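Undergrad: Next come the chains, spelled out residue by residue.
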Amino acid sequence: MATDQGIREGEPKTLLEMVLARFGVDALGTHAAKKPRGGMWNRVYMAELIPNVLLVIFGTVVMWSASLTIPEASFPRHLAGIFLGLVFAIVVWRYDYSVFADKSMFLLALDVVLMLMPSIPGLGYNAMGMTGWVQIPLTGFRFQPSEIAKPVTVLLMASLTASFNGKIENIRDYLRLCGILCIPFVLILTQPDLGTGLIVLVLGASIIVCGGAKGSWVLITIGIIVVGAFAVVASSMTEGMPHILKQYQLNRLIVFVDPSVDPSGNGYNLQQAKIAVGSGGLLGKGIGHASQAGAGFLPEAHTDFVFALLAEEFGFLGSVVLLGLFGWMILATVGLALRVESPFAKLVCVGIASMWAFQLMQNVGMCIGIMPITGIPLPFISFGSSSMLAQLASAGLVQSVWLHRSKPA
Amino acid sequence: MTLTTLIILLLVILVIALVGLYVFYNRDDKRFTLDIGGAAPRAAGGNDVSAEHTVRNRLLGLGLVCAGVVGGLMARLWSMQLLAASDYAEQAESNRTRTISLAAPRGRMLDRYGNEIVGNRPSLTVVAKPEVAEESIKVQLLANLIGMPAAAVRRRIQDQSSGAQSDRLVASDVSRRVVAFIGEHPYLFEGVAVEERSVRSYPYGSLAAHVVGYTGPVTTEQLKESEQSSDENAIVYEAGDTVGQAGLELQYENALQGIRGEQNVHVDANGSVLEYATSVEPQAGSDIILTLDVELQQAAEDSLKRVTNAISTTLKCNCISGSALVMDVTNGEILAMASAPTYSPNVFVGGISNDDWQSLQSEKSANPLVNRAVSGLYPSASTIKPIMTFAALDNNIATKDSKYYCAGWWTGFGEASGMYCWEHSGHREMNLVSGISYSCDVVFYEIGKGFYESDDPEAMQAKLREWGLGKKTEIDLPGEAEGRVPDAEWKWNYYTQADDADRQWKGGDFANLAIGQGDLLVTPIQMACAYMGIANDGKVWRPHVLRSVQSSTGKGSVVEYEPQLLRELEEPSDYCDLVRKGMIGAVYEESVYIATQFESLPVEVAAKSGTAERNGHNPTAWYLAYAPANDPKYVVAANIEEATWASSSALYVVRDLLGAIYDAPNEIKLYISPVDAGG
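Quick mapping for you: the protein sequence lines, in order, are chains A and B.
Numbered according to the numbering used here, the first sequence spans residues 279 to 687.
Numbered according to the numbering used here, the second sequence spans residues 444 to 1122.
In case anyone wonders, no lab produced these hints; they're calculated from the structure.
Hints may be right or wrong, so weigh each one.
Stated by the list, open to error - In silico negatives: residues of chain A with every beta carbon more than 10 Å from chain B:
#1 Thr338
#2 Val370
#3 Cys456
#4 Val464
#5 Gly506
#6 Phe508
#7 Pro520
#8 Ile532
#9 Val535
#10 Ser663
Said to hold, decoys possible - Derived CB-CB ranges, DEER-like:
#11 Leu526(B) x Ile335(A): 27 to 33 Å
#12 Val504(A) x Gly626(B): 57 to 63 Å
#13 Gly511(B) x Gly506(A): 22 to 28 Å
#14 Ile648(A) x Glu639(B): 47 to 53 Å
#15 Pro399(A) x Glu638(B): 40 to 46 Å
#16 Glu633(B) x Pro354(A): 30 to 36 Å
#17 Glu517(A) x Ala595(B): 47 to 53 Å
#18 Gly590(B) x Ile335(A): 56 to 62 Å
#19 Ala712(B) x Gly506(A): 34 to 40 Å
Unchecked claim - Just a sample of chain A residues kept apart from chain B, beta carbon distances all over 12 Å, derived:
#20 Leu357
#21 Trp411
#22 Met515
#23 Gln525
Note that the structure is a prediction, hence the values are computed from the model and not measured.
Cβ coordinates follow ideal geometry from the N, Cα and C atoms, glycine included.
Based on the provided sequences and hints, a complete structural model is requested.
TA: Here it is in C-alpha cells:
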C-alpha cells in the first residue's frame, strides 16, 4: 500500500535551503530523498538533528557556567548524562520503532511498572517531597522512572490510537483511549508529581486529537477537565471542603497570579527568576557573571529555573536562539509527522513534539511569570541525567521514524 | 531604540519564516495515504479522504500551536528583557548590594602641650545578633571561648541599650586566637561576628576623666533628636553609633564626631560578602586641644587622693570626695580640674555593662561620675567673706575704717539667739582686713545684722548674685549646677511644711549667709570665678576647657577659642586692695602654721579658707587662693567633703598645686587636725 518512497523529492527552493544544501545539509528535511539511499544524510533527519545538537551544546555551555557557582551542578555528571543519552538514542535510532505498533499491552505494562517502581520498598528514594526516584541497587545511582515513562507513554498512546487509522468514530473507543491515558496520569499523581502528570496528559491528548478523535468530543472533554480542575482548586481553597491539592501545590498555582500569597517561598522564587530574566537585557551579563544565579538569589538555577540562568547570562539574544532552536526542532518533528505515511509513526512524532512544546512552554513560562511553578525540566538543558536520557531517547525515536520511514507500520 | 526595532523585526520575520516554511513545504504533500479501515482507500480507487484531511488539519493545527507557543514566549521575553530590562537590572543590583556604614574615628583630645589625653585604638570586638541569646549551646560555646560565664554572655546579648535590632557587644579586645577560632568555624557561630572597631584609648588612664567624659552607644532620645533636628549640619545618628555621653565628649560631640563612610558590598543570597564595591571613606572627627596641662592635672588628682587618704587614715573616717581646679585668671583657661572619687572612662569603651553602670550609680561609691568641680553644691562657708566685704562696703553697711570687737560669742540679735565665732576665745579688736585674715565670724555677723537693719536688706543677695553666685559660670562642660542664693521669698516657698514663723526670713539668716552657712549653695567653679574677679579688679573671664579645634586633616586649627568676658564688676580699687590685703593676711598673718606652708613658694599668695559645718557629718573644707598676689595669674581652688578644718585639709591640695605650678613642692609633712581640737 505504501510506496517505498515515503518522502517527496524536490530541488532546493529557497536561499537558505540552497546554502544549507551546499554543505550537504537538508536542514528542513524536505529534500533528503534526493541523496542516494543508505548515505549518511539519508539515514538521519537533519531538520531535527541540527537544532537538537545545538540545544545540547547550548545546554552544556549553560551547565558549565552553572557549575562555576552552584556546587550541585556537577559538570562531569551532566556530560555523563549526555553520553549515556547518546548511547541510548543511537540504540533507539537503529532499532525499528515500528515493532511497538502492536505491542500496546507490553507498553502499558512497562509504563505501569515504571510508575510503580519508586513505590517498591528498598528501591524508592525520597527527594524534594516526592517518591519519584529509584535507587539502582548496589550503586549510588538514582534515576527518575517517570522521565523514562514519557516516551513509553508516547509509544503506548500512539500504538493504541494508530489502530483507528485517523478516524475514531466510536465514542466507546474514544473513552477507552482516554481511560488508558488516565492510568499513567493517575499513577504519576500519586508520587506526587503534578508536573510530569500534566506532560503525560498533554502528550496523550495530542495523540488522541491528532489521531482523529471527533472535534466535539474533544471540546466536551476539555470542558470537563477545565470544570474539574476548577472544582479541585476551589475545593482545596475552601475551608471544610476536601483539599485534593496540597498547600504547596496550591501556592504554586496561585502565586504566579498573586506573588504576595507566598512571599518567602514560591513568590520569592518567582520574583527572583523574573529579576534574573529581566536583568539579562539584550546581550546578557556573560558567562559566570549572573549575579542572580551565581549569588544564590535564584533557586534551583541549574534544574527547574535553568532558563532564568540562561536568560540572565545570554540575554534576549540567547533566549531567542534557544526558543528558535526549540521551534525549529518541534516544527521539524511535526513536519515529519505530516510526511510519513504510517499512522503510528505520525502519532509518535506528534507525541514527542507536543511533549517538547509543552515542557518548553511550562518551563520558560514559569520563569517569566506566565505559567504556574512546577518542577518540569527544560529538555536538553536542565541538569538531570534521567531527563537527558529520556529526551535524547525521544529524539532517537524521531530519528528512528526517519530511518525506518519506508516501512509501514 | 533602533536596535530594539531591528530585533523585533528580525523576530517577526523569524516566526513568519518558520511557520511559512512549515506550512508551505507541506502543503502539496499529496502522497499521504492511509489504511482507512472499511472504506475504500483512495489509492485503490476509493475517494474517502476525510481521515486524511482530519489528521492533516490537526497536525497543521498542532504545528501552529507550537509556533504560537514559541512566539508567545518570545513576545513576553521581549517585553521583559528589552522594555523592562532596566527595572529588573535595578532590582538585581539592589538584590545583591548592601551598604555597610563605616564608623569614623572620633577626634582626639590633647592637652595644651599636645599630649594625648583621649585617643583611639583598634579593638577586636565580638558581636552577636539578638537571636543568639536563645541558642544555649552557642552561648555556652562562646562563653568558653572568651572565658566569661555563660550567664554574663547571655545578659550582654540580651542588653538592648544599643538598640533593639543592632548587634550586641559580647566582648571587646578579644585575642587573635578567639578571632581565628570564630573565623574557622562559621557554622558553629552563625550570628556571631568579629568586628574591628575604633574605640577610645586613654594613654593617661583615668586622668581628667570628669573633664573628658565618656562615650556610649547613641540613646533612643539622641536618635530621635538628631532625626528631628532642623540644623542641616547636624549629624544624623544611626542605631549603634558611638556618641559623647558626658564631659567634653558630650559638649563637643559635633566637632569630635566624624562623618560616617559607606562601603557598598556585593552579597550572595545568604548575605555573605562576595566582593567589595565602591566606598566613601569615613572622615575622622576633629581633634580638640584643651586648656588642661596634664602635669598639673596629674598633680591635682594625686594631691586630692593623698590628702583625702591622709584624712581618712588619721580621723578614721570615709573621706573620699572633693575637687580641685586651677584656672588662669587672665583668660579663664582651666589648667587642671579634678574631682574625687574618679572613675575609669575605659569601662565605657564598647558600651558599659549593666553591672558596671549600677556600681557607678550606687550610693556607696559616692557618685564617681559627678564632676564635683562644676556640679557639686556646697555651702561656701568663710570663703564668701571677701565677697561679703564688698557687699558691706558697697552698701555702706561698713566702711574701710569700721571697727569690730570679737569676744567669741555674739549677741547682736539678743542673748537667746547668740552665736559663736569659730574662735570661741574671741579675736578681740577687729576691722574688715583682719576680719578676712582671721576669718572672724563676729565681723560678718555684724555685717549681716547691718543688712538686716538697712533699707534694702536684700542688697546682700543682689551683691552675691552680681558676683556670680546662684548662676552658671557658662563653663564649656555639661551638667553645671546653678547653686542657690537664699532670700526671703525663696525661704517662704521652700519650707512649706514649717510654721509660718519659721518660714520668715530673719536676722539670723543674714548672719548665717554672711559667713557662708545656712541655705547658701555654691559650686567650686563659681567660687573660683568670684576669686578671679577679686584677683582681676573685677574682670571675670568665662571659664573654659577648650583651647582650639584642629581640622581633621591635622593642618592648623579651625576654631581658636577667644576668651570671653563673663562679667566686669565695678568695685572701687581701694575696696579691692582692702580685700586682697585681708586675703594675703589670711596666708601670712593668721597663723604661723599656714604661713610656713607657703614659705617655700617663690611667689606671694592670697587665699581664703572655709570650713562648712554639716550636721551629723564632718565639715566640707574649702581653700581658694590666687598667685602671685601682686600680679595674679592663677586661681587655685580645692574643697574636700567629710574633712576637717580647711587649713588642715583643702589647704594642702592648693599648696600642692601651687607647688606644681611654681616647681616648689611642699616639703612639710601633712598634719591633720580634727575639728574638735580647734585650730
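Undergrad: State, for the Cβ atoms of Gly511(B) and Gly506(A), whether the hinted interval 22 to 28 Å holds or is violated.
TA: 25 Å Cβ-Cβ, so the 22 to 28 Å window holds.
Undergrad: Do Glu633(B) and Pro354(A) keep their Cβ atoms within the hinted range of 30 to 36 Å?
TA: holds (32 Å)
Undergrad: Beyond 12 Å from every chain B Cβ: check whether that's true for Trp411(A).
TA: Consistent with the label, Trp411(A) stays out of reach of chain B, its closest Cβ about 26 Å off (over 12 Å).
Undergrad: Please settle this one: Thr338(A) was flagged as non-interface, so is its CB more than 10 Å from every CB on chain B?
TA: Thr338(A) is indeed farther than 10 Å from all Cβ atoms of chain B, at 22 Å.
Undergrad: Between Gly590(B) and Ile335(A), does the beta-carbon spacing fit 56 to 62 Å?
TA: About 60 Å separates the Cβ atoms of Gly590(B) and Ile335(A), which means 56 to 62 Å holds.
Undergrad: Please settle this one: Pro520(A) was flagged as non-interface, so is its CB more than 10 Å from every CB on chain B?
TA: Nearest chain B Cβ is 34 Å from Pro520(A), so the label holds.
Undergrad: Would Ile532(A) pass as off the interface with chain B, using Cβ distances and a cut of 10 Å?
TA: Per Cβ check, Ile532(A) is outside 10 Å of chain B; nearest 20 Å; holds.
Undergrad: Holds or violated: 27 to 33 Å for the Cβ distance of Leu526(B) and Ile335(A)?
TA: About 30 Å separates the Cβ atoms of Leu526(B) and Ile335(A), which means 27 to 33 Å holds.
Undergrad: May I ask you to test the hint 57 to 63 Å on the CB atoms belonging to Val504(A) and Gly626(B)?
TA: For Val504(A) and Gly626(B) the Cβ distance comes to about 59 Å; the hint holds.
Undergrad: Going by Cβ atoms, does Ser663(A) stay more than 10 Å from chain B at every point?
TA: holds (26 Å)
Undergrad: Could you tell me whether the CB distance from Ala712(B) to Gly506(A) stays inside 34 to 40 Å?
TA: Hint holds: Cβ distance 39 Å, inside 34 to 40 Å.
Undergrad: Decide, holds or violated, for the assertion that all CB atoms of chain B are farther than 10 Å from the CB of Gly506(A).
TA: holds (22 Å)
Checked against the numbered hints listed earlier, the structure breaks hint 15 alone; every other hint is satisfied.
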